[in-house]
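Take these sequences, add in the hints, and give me the full structure.
These protein sequence lines map, in sequence, to chains P and L. Quick note on this note's numbering: the first sequence kicks off at 1047 and runs consecutively. Quick note on this note's numbering: the second sequence kicks off at 122 and runs consecutively.
Hints in this document: simulated from the structure, not taken from any laboratory. Wrong hints could be hidden among the right ones.
As the list claims (entries may be wrong) - Computed cross-link-like contacts, SDA-like style, restricted to lysine to any residue with a CA-CA straight-line distance of at most 20 Å:
id	chain 1	residue 1	chain 2	residue 2
1	P	K1192	L	N146
2	P	K1083	L	P126
3	P	K1319	P	D1190
4	P	K1202	P	Y1222
Listed below, chain by chain, are the residues.
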Amino acid sequence: MITHVHRPLRVLLYEGGGSIPLPAAARAAVMMALLDKGYAVTRSGQGAGAMPHDDRSLLVLAAFTGAAPALEDATGQIHIDTRDITGLEPDAIVSLVEKTRGDKPMNEPGKWKPWFPVIDYTRCTNCMQCLSFCLFDVYGVSDDNKIQVQNNDNCKTNCPACSRVCPEVAIMFPKYQGIPINGDVVNEGDARREKIKVDISSLLGGDIYSTLKDRSTAFKSRFSKERSADKALDERKKCLTKLVGDGFIPADVLASLPSPDEILKKAEAAKAKAAAALAAQ
Amino acid sequence: MSTPPATLLYCRCAYAQVVPSGVKNEVLQQLCASDASFETVADLCEMAAHRDPRLQAIAACGNLRIAACYPRAVRGLFEQAGVPLPENTEILNMRTQTAAEITTALLRTEP
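Following this line, the structure appears as structure tokens:
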């Protein structure tokens, strides 16, 4: 279950006046334990710029020399809690933080993977192939006719198929292992390899994945051909099956495809969106 | 006039295991062994997935050094969240660089 509520609190590991600094190893252990549970932690020390606060609650953890002080935000906007962590092990500190958070939702590491495409606009040429390719409505078009990722949550975890059909190697999945999809620098060899992959992916349906050589005529060549809907559907399935067979996308993506009727409807809708955006360019 | 101190940000990549744990642990240990203040987040991707407003606060820090992953991906995440990083942001890659290289770059003092 994914929540899109922002992290409910910011944890501050305070080691200033009125507190006893933690040994470095203990400090690292506490921070690792909290981060691995999904919390954001600020370490207050010296010599580096502090980051401004926002409107979420602040939880101050410290080995206070006396009782944990009651603190109040001077502006009255932020709720501040303080907790004494003297003598506590990292697990106990995590429990303390969890208790303070209460039942406010937060995405937990291990239960959800942030998997979605990230567009490198320095490479993207707005050709709309990704919009036409994706069957899960991840992509959309902005008010100024620019391709954008609009529905992260629809993306199928571990499926980087759209990045495989991008002719400009402009789609990244930061949680992917392989280069350059993971965001590594794209070299000319990668770009050539991706272009060859696009040729293979033309199996999907020549109406969408055809000529990219001349962008000024791409719109006409892509959308004016009359094609058999059944044939296009069959070709799309063949291509996806090939991508699964080659290990590029997980098998459950095939299992979760929409029905043939829905695919055709989606393809039509994507085609119309892409056509409108390309025509407006 | 001296350059204001850099804001240091460490991304734990806690929601996926794509950053080598040895490197990310050592970088955090070195930061913790220093006197520096720094910010840590569990996962920039997770934050970008729901356009966490905290990303805006991060991008607004003028002099920023980030220990995370590929610079192209990190910049893309912020841009996609609607808060592009300033050009002068220094991004260190825990997937390819050593912990020593990263901590040296993070903790260096400006002249």
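Here is what the structure says about each hint:
1. P:K1192 x L:N146: violated (39 Å)
2. P:K1083 x L:P126: violated (29 Å)
3. P:K1319 x P:D1190: holds (12 Å)
4. P:K1202 x P:Y1222: It holds: about 13 Å lies between the C-alpha atoms, which stays within 20 Å.
Violated hints, listed in ascending order, are 1 and 2; each of the other numbered hints is respected by the structure.
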